Amino acid sequence: MLCQECRRHEATIHIVKNVNGKQSELNLCESCARKKDELDFSFEPQFSLHKLFSSMLNQGLYGNREEMLADEKKCPSCSLTFAQFGQVGRLGCSDCVPAFEDKLKPLLKRIHGGSVHTGKVPEKARERVNILRELDQLKDELQEKVQNEEFEKAAQLRDRIREIEQDINRKNAETEDVDHNQEGEEH
Amino acid sequence: MKQLEFNLSRWMVGSGPENDIVISSRVRAARNLQNHPFPCLASGDETEQVLNKIKSATEGKAGFSDFQYLLMDQFSEIERQALVEKHLISLFLARDAKHGALLLRPDEDVSLMINEEDHLRIQAILPGLQLEEAWSEAGKLDDILESELEYAFDEKYGYLTACPTNIGTGLRASVMMHLPALVMTSQINRYLGALSQVGLMVRGLYGEGTEIIGNLAQVSNQVTLGQSEEEIVTNLSSVVCQVIEQEQNARQALLDKKRDELSDKAWRALGLLKHARIMGFQEAIQHISDLRLGHDLGLIKEVDQRLLNELLVLVRPGCLQLMARKKLSNREKNLERPVRVREALDRHFA
Ligand SMILES: [Zn+2]
Ligand SMILES: [Zn+2]
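Those protein sequence lines, which keep their order, are chains P and A. Under this note's numbering, think of the first position of the first sequence as 1, with each following residue one higher. Under this note's numbering, think of the first position of the second sequence as 188, with each following residue one higher.
Source of the hints: derived by calculation from the structure; they are not laboratory data. These numbers were taken from a predicted model, which means no experiment stands behind them. Hints are not guaranteed to be accurate.
Distance condition first, Cα-Cα at most 30 Å in a straight line; then the derived DSSO-like pairs of lysine-lysine [to be verified]:
| id | chain 1 | residue 1 | chain 2 | residue 2 |
| --- | --- | --- | --- | --- |
| 1 | A | K461 | A | K445 |
| 2 | P | K74 | A | K240 |
| 3 | P | K51 | P | K109 |
| 4 | A | K343 | P | K171 |
| 5 | P | K105 | P | K74 |
| 6 | A | K488 | A | K444 |
| 7 | P | K105 | P | K124 |
| 8 | A | K343 | P | K139 |
| 9 | A | K285 | A | K248 |
| 10 | P | K109 | P | K139 |
| 11 | A | K488 | A | K461 |
| 12 | P | K74 | A | K285 |
| 13 | P | K109 | P | K74 |
| 14 | A | K327 | P | K124 |
| 15 | P | K171 | P | K153 |
| 16 | A | K343 | P | K51 |
| 17 | P | K105 | P | K73 |
| 18 | P | K51 | A | K285 |
| 19 | P | K124 | A | K240 |
| 20 | A | K343 | A | K242 |
| 21 | P | K153 | A | K343 |
| 22 | A | K248 | P | K124 |
| 23 | P | K73 | A | K285 |
| 24 | P | K74 | P | K51 |
| 25 | A | K343 | P | K73 |
| 26 | P | K105 | P | K51 |
| 27 | A | K514 | A | K285 |
| 28 | P | K51 | P | K73 |
| 29 | A | K343 | P | K109 |
| 30 | A | K343 | P | K103 |
| 31 | P | K105 | P | K171 |
| 32 | A | K444 | A | K461 |
| 33 | A | K343 | P | K124 |
| 34 | A | K343 | P | K105 |
| 35 | P | K74 | A | K343 |
| 36 | A | K327 | A | K248 |
| 37 | A | K343 | P | K145 |
| 38 | A | K461 | A | K520 |
| 39 | P | K124 | A | K242 |
Based on the sequences and whatever the hints tell you, model everything.
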């Protein structure tokens, strides 16, 4: 029997593996077994992103496979393309997420089930995130009220949502102004 | 250059809740810096910049005052392997990182990996079942760092990470369990199989060749997006508690039926650990497991948890080579192992 790892040497070491409760056999040559001797206590997922990605490609979740692979749209900051991401399974920088959001969304959903972060928020982002989380909650409530035909309450909620959204837009405009001013100073 | 010594981390020496079944609890949180490419795409200059930024964010900060700053480049391959075996760094940091570094508190409970797959991995490891406490320890360091650094954080997707499997909380929590009775009664596959159905990952002591050896299994969360840190940690804890209960029931059943056999097994294991002259890793880890079960069931009072944990780590190939201060062939390791085991037993029984 040939070694499963290198497929060159005779397999002399046979290990019965137990992965997630399923038994399987590993047959290795001496030198490949020695490499396995290096213990890895990683608790990282052993999950093949590559496989998931190609199965999503094949299922047509990204439209036409060839078109998707030929799409040369790059992350504006690190120049990674989505096809390159598919090959290495790693994003290049924090701007990759907004750049490929529409394509990452279904992938994240497959991996995690969830699609929105509900955990810890850094102090610096807390105010803004709290507002956005409140907004999401109000929108859910609004839908519920509409479904229950409680139109008066729904109208109140809608006004509150509008108020918050206007507030957000105003703040966004302000920070953009600040950004422009800072850029002006640097030049 | 100072050489790394083999020493015991607090998770080996100390004790914690459910320590007879849960050996240790670990968490790590992945973080990245805004406006810096992630390590896999970064040039050597860029990883160096990140290293310096994080270093200066921790320097002089109260929470980091006694931390040791250890560059991967300063270590030999053997030293790095030993750090992996003590759960202080990942195989990736040991082998592939550019400007990889470890910030380590002297008790080795908490540490930071720099320039791993993400810029920053904040970790905590504690004895017994203490996931909440481990997350709280790691969270405190995170609080200090977030005020000093600009994290890559998205309002919708949370902490941004190189791998999509970590996006959200960036939190991976895991528990190392000793489950000899479930293995002996052939129930283990049923339980571990069920865990993978509820979004948890299970693996044996080995990482890549994941056979369950020495009756040790590691359970960790798979999902990081859509659950809060508290939910992740509480869910995992509650599932682990159920496994603990099953293991305890199985142990009691074994004790009722096979008390003498279990006692014999534990004493034989101690005999072999004391007197054998050639011993492979798997064999050693099995004897340590038998001895641990005998100790947990009160059948053998001559050993204690600390000794068992020490043995569990020192029989590992990297730690053996660290103590021998040289690279060893497989045969040499099998000769060295009983020597080091005997030394530890002699110290204990002295
Ligand atoms: Zn081979
Ligand atoms: Zn990018």
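Here is how each hint holds up against the structure:
1. A distance of roughly 24 Å separates the Cα atoms of A/K461 and A/K445; the hinted pair therefore holds under the 30 Å criterion.
2. Taken as a hint, the P/K74 and A/K240 pair is honoured in the structure, with Cα atoms around 27 Å apart against an allowance of 30 Å.
3. At most 30 Å may separate the alpha-carbon atoms for a hinted pair to count; P/K51 and P/K109 meet this at roughly 15 Å.
4. As the CA atoms of A/K343 and P/K171 are separated by approximately 18 Å, the hinted pair is consistent with the 30 Å bound.
5. A threshold of 30 Å between alpha carbons decides the hint, and for P/K105 with P/K74 the separation of about 17 Å falls inside it, so the pair holds.
6. Among the hinted pairs, A/K488 with A/K444 is consistent with the structure: their alpha-carbon atoms are about 21 Å apart, no more than 30 Å.
7. Annotation: proposed proximity of P/K105 to P/K124 holds, straight-line Cα distance about 25 Å (limit 30 Å).
8. Only pairs whose Cα atoms come within 30 Å are accepted, and A/K343 paired with P/K139 is accepted, the gap being roughly 16 Å.
9. Pair hint A/K285 plus A/K248 holds up; C-alpha atoms about 25 Å apart against a cutoff of 30 Å.
10. Taking the CA atoms of P/K109 and P/K139, the gap is near 21 Å; set against the 30 Å cutoff, the hint holds.
11. With a CA separation close to 16 Å, the supplied pair A/K488 and A/K461 stays within the 30 Å bound.
12. In summary, the hint linking P/K74 to A/K285 is supported, as the alpha carbons are separated by about 25 Å, within the 30 Å threshold.
13. Taking the CA atoms of P/K109 and P/K74, the gap is near 22 Å; set against the 30 Å cutoff, the hint holds.
14. With a CA separation close to 16 Å, the supplied pair A/K327 and P/K124 stays within the 30 Å bound.
15. A C-alpha spacing of about 27 Å is found between P/K171 and P/K153, which places the hinted pair at or below 30 Å, so the restraint holds.
16. Distance restraint check for A/K343 and P/K51: the Cα-Cα separation of roughly 26 Å lies within the 30 Å cut-off, and the hinted pair is therefore satisfied.
17. Only pairs whose Cα atoms come within 30 Å are accepted, and P/K105 paired with P/K73 is accepted, the gap being roughly 17 Å.
18. At most 30 Å may separate the alpha-carbon atoms for a hinted pair to count; P/K51 and A/K285 meet this at roughly 27 Å.
19. Between P/K124 and A/K240 the alpha-carbon distance is near 18 Å, which keeps this suggested pair within the 30 Å criterion.
20. Annotation: proposed proximity of A/K343 to A/K242 holds, straight-line Cα distance about 29 Å (limit 30 Å).
21. Note on P/K153 and A/K343: the hinted pairing holds, with a Cα-Cα distance of about 27 Å set against a maximum of 30 Å.
22. For a cut-off of 30 Å, the pair hint linking A/K248 to P/K124 stands: about 19 Å separates their Cα positions.
23. The suggested pairing of P/K73 with A/K285 holds, with an alpha-carbon distance near 28 Å, which does not exceed 30 Å.
24. Straight-line distance between C-alpha atoms of P/K74 and P/K51 comes to about 23 Å, which keeps the hinted pair within the 30 Å bound.
25. Only pairs whose Cα atoms come within 30 Å are accepted, and A/K343 paired with P/K73 is accepted, the gap being roughly 22 Å.
26. Note on P/K105 and P/K51: the hinted pairing holds, with a Cα-Cα distance of about 17 Å set against a maximum of 30 Å.
27. Note on A/K514 and A/K285: the hinted pairing holds, with a Cα-Cα distance of about 24 Å set against a maximum of 30 Å.
28. Note on P/K51 and P/K73: the hinted pairing holds, with a Cα-Cα distance of about 23 Å set against a maximum of 30 Å.
29. Using a Cα cut-off of 30 Å, the hinted pair A/K343 and P/K109 holds, with the two alpha carbons roughly 13 Å apart.
30. Among the hinted pairs, A/K343 with P/K103 is consistent with the structure: their alpha-carbon atoms are about 15 Å apart, no more than 30 Å.
31. In summary, the hint linking P/K105 to P/K171 is supported, as the alpha carbons are separated by about 27 Å, within the 30 Å threshold.
32. Of the pairs offered as hints, the one joining A/K444 and A/K461 holds, with about 28 Å between alpha carbons and a cut-off of 30 Å not exceeded.
33. Proximity of A/K343 to P/K124 is assessed by CA-CA distance (about 15 Å); at most 30 Å being required, the pair is judged to hold.
34. Straight-line distance between C-alpha atoms of A/K343 and P/K105 comes to about 11 Å, which keeps the hinted pair within the 30 Å bound.
35. Straight-line distance between C-alpha atoms of P/K74 and A/K343 comes to about 21 Å, which keeps the hinted pair within the 30 Å bound.
36. With a C-alpha separation of about 12 Å, the suggested pair A/K327 and A/K248 falls inside the 30 Å cut-off, and the hint holds.
37. Distance restraint check for A/K343 and P/K145: the Cα-Cα separation of roughly 25 Å lies within the 30 Å cut-off, and the hinted pair is therefore satisfied.
38. With a C-alpha separation of about 17 Å, the suggested pair A/K461 and A/K520 falls inside the 30 Å cut-off, and the hint holds.
39. Proximity of P/K124 to A/K242 is assessed by CA-CA distance (about 21 Å); at most 30 Å being required, the pair is judged to hold.
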